[in-house]
Amino acid sequence: MWQLNHMSDTDREPDIAAHHEPSWRAGLKDGVPSLFGILAWGMVVGVAMVKSGLTVPQGLGMTLLAFAGSAQLASLPLIAAGAPIWVVFLTALVVNLRFVIFAALLAPQFARLPLRQRFFLGYAAGDMTVAIYLQKFPTEKPEVGKVSYLKGLLYPNWTAWQVGSITGVLLGSTVPAEWGLGFAGTLAIIGITVPMVATRPALCGVLVSGAVAVAAAGLPYKLGLLAAVLVGMLTAMAVESRQEKRAVKHV
Amino acid sequence: MSELEIWLTIIALACATAATRSSFWVIGEHVPIPTRVQGMLRYAPSCALAAIIGPDLLLDPAGAVDLGLHNYKLIAGIAAAAYYLLRKSMLETIIFGMLAFTALRLLLPAA
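Top to bottom, those sequences are chains Y and L. For the first sequence, our numbering gives the first residue as 1, with consecutive numbering after it. For the second sequence, our numbering gives the first residue as 1001, with consecutive numbering after it.
Bound conformation, chain Y alone (with noise of 0.2 Å):
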């Protein structure tokens, strides 16, 4: 730790917020594999956007702008059926309620950037960014090079979305439904799934998490999606507590 010697003041806290170029590396080749993902499943939101009558501009300033890949396909058949501006609104916040939690999570660990970052910050954080961010710094503890690995992830992730999106957009009709591109989006998530559940607690989560969703898919606005992960939640956390019980009592 030769730093610490070098350091006027060694009780400082660590600054998360400068560059910290090996961060931002980790980041990268923590989040590319998953760009394949994403871009694909732009590519099916592109499509999508333009199948329900978008024009090519519309299509391009809802992607840029809304960036919010599930908000967008539950608004596409409101906006073709001509609901009213507030009930579209009001459909997309339901459908994004997990990036509260998602909020929540995170943004303890940012909380002395400015104001305008923690903004940006938060407006890219997406379901498989969140996700792989917190496998690497799961605690608030203030540890050099915390922004620097989320920039590697969320700036690729944002682009990769936005060049799958465009293209889909721009190619329209022409990609066959068949191809079932968007299952590229489902694989992705696998593999951030999969090391995650390496706890029983995370397991029984996700398990339950999952046959809710699937169980609750028909609710309006998504919120089968919503209803899954708060079950999911407290089941892990059941487990969770019933593990320390007996660890307990074992001792």
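Hints in this document: simulated from the structure, not taken from any laboratory. Note that the Cβ used here is the ideal one computed from N, Cα and C, for glycine as well.
Below, a list of computed lysine-lysine pairs in the DSSO-like style, where the Cα atoms sit at most 27 Å apart:
id, chain 1, residue 1, chain 2, residue 2
1, Y, 29, L, 1088
2, Y, 136, L, 1088
3, Y, 151, Y, 136
4, Y, 151, L, 1088
5, Y, 136, Y, 29
6, Y, 151, Y, 29
7, Y, 141, Y, 29
8, Y, 141, Y, 151
Computed footprint of chain L on chain Y; a stretch qualifies when at least three of its residues, placed anywhere within it, have a C-beta under 8 Å from a C-beta of chain L:
id, region
9, 58-71
10, 78-87
11, 123-130
12, 181-188
13, 231-237
Using the hints provided, position chain L relative to the given structure of chain Y.
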């Protein structure tokens, strides 16, 4: 919807993204989260990912659970998960899964 209304809707969608994803990033300092809740939230990302892929793997286009041999996504998905456990490579898992899915789709006769 008119051209203007569609653009307003698109802006509303952007606001919905900002309001949810940036929520605690912006107001977090003022809303302390109890440790017990933080402990539970740790499981949210994996649960959310499972909740996204569950329906994609198990439901047919009509929305019914399909555990049959003609559910290519389910078979390819299980094979891909097993492949990941063996090789620990996400990229290879995606390629393997897509090849498995495409092979099943082209080689197995339709139901």
